[in-house]
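**Q** Here are the chains, one letter per residue:
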Amino acid sequence: MRKHDFSQMDEMQREKLLKINGNGMKLCALGLLAAILIQWFLNGDFSCIMGELAVYGLLTMYIVIFYMYEGLWGERIRPSWRGNLLISGIVSAVIGVILMVRKAAGPEFTMGVPDILLRMAIGFLACFVALTVLLFMYRKRRQALDSGEE
Amino acid sequence: MIHFELKGVIPIARNLKIKAARAEKDMTQKALAEAVGISRQTMNAIEQGEYNPTIRLCRAICRVLGKSLDELFGEEDREHAET
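Note that the protein sequences, when read in sequence, are chains A and B.
In terms of the working numbering, the first sequence is residues 1 to 150.
In terms of the working numbering, the second sequence is residues 151 to 233.
Don't take every hint at face value.
[As the list claims (entries may be wrong)] Below, a list of computed lysine to aspartate or glutamate pairs in the DMTMM-like style, where the Cα atoms sit at most 20 Å apart:
#, chain 1, residue 1, chain 2, residue 2
1, B, 180, A, 11
2, B, 167, B, 220
3, B, 169, B, 197
4, B, 217, B, 176
5, A, 16, B, 197
6, B, 167, B, 221
7, B, 169, B, 200
8, A, 19, B, 200
9, B, 167, B, 197
10, A, 26, A, 52
11, B, 180, A, 10
12, B, 167, B, 225
13, B, 217, B, 184
14, A, 16, B, 200
15, B, 169, B, 184
[To be verified] In silico negatives: residues of chain B with every beta carbon more than 10 Å from chain A:
#, residue
16, 165
17, 167
18, 170
19, 171
20, 176
21, 178
22, 219
23, 220
24, 221
25, 225
Simulated from the structure, these hints should not be mistaken for laboratory data.
Note that the Cβ used here is the ideal one computed from N, Cα and C, for glycine as well.
Could you put the whole structure together from the sequences, leaning on the hints where they help?
**A** Set out below in structure tokens:
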């Protein structure tokens, strides 16, 4: 409360502020991801989106590290193999759709269907392995946090 | 404002007990809000059942109004609370 801290807000205002900031962060993250995907779709060259990728990578790392530290998973996603499979499938599908659309858009895109499928499989595997490692870390951390002394 | 009920979550009822205790002490919402160090908007949201205060804030409100936690925030018959 105001008498005891330097905050100019009370608890409800602070809660609302956090909600607005959280939504703003989600909007920024989704906007940045959309910008990365659109630029990748238009140019197909990662060198022109290195800055965006670096920022997105840092943001993701920050979120993942603190989620793991606090023993948190997604708010609406259950920490499970099935969930990981689903997310990896979605990532793979997004990669496939972008590459297929680029292929359909013009002849300058020379990648064949087997190459596209290979990239989709690599995307799926990379995502699934990363999520599996995180799931293992999450369960270990959850166990450590829940087994503290009373 | 859109009101919806989350599965398994009991909606907060309007807190008429605070209003009554305030009237006993002849305090306005603004005066009570100032006494506990919150905004009038927050005090109003608590009375309207739109905001669920922390136990710390509940205790501060009880202290100012000279009531116990149970008297101001204690559970009551749900049917009665929603009227």
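**Q** What hints, given by number in increasing order, does this structure fail?
**A** Hints that this structure does not satisfy do not exist here, as all of them hold.
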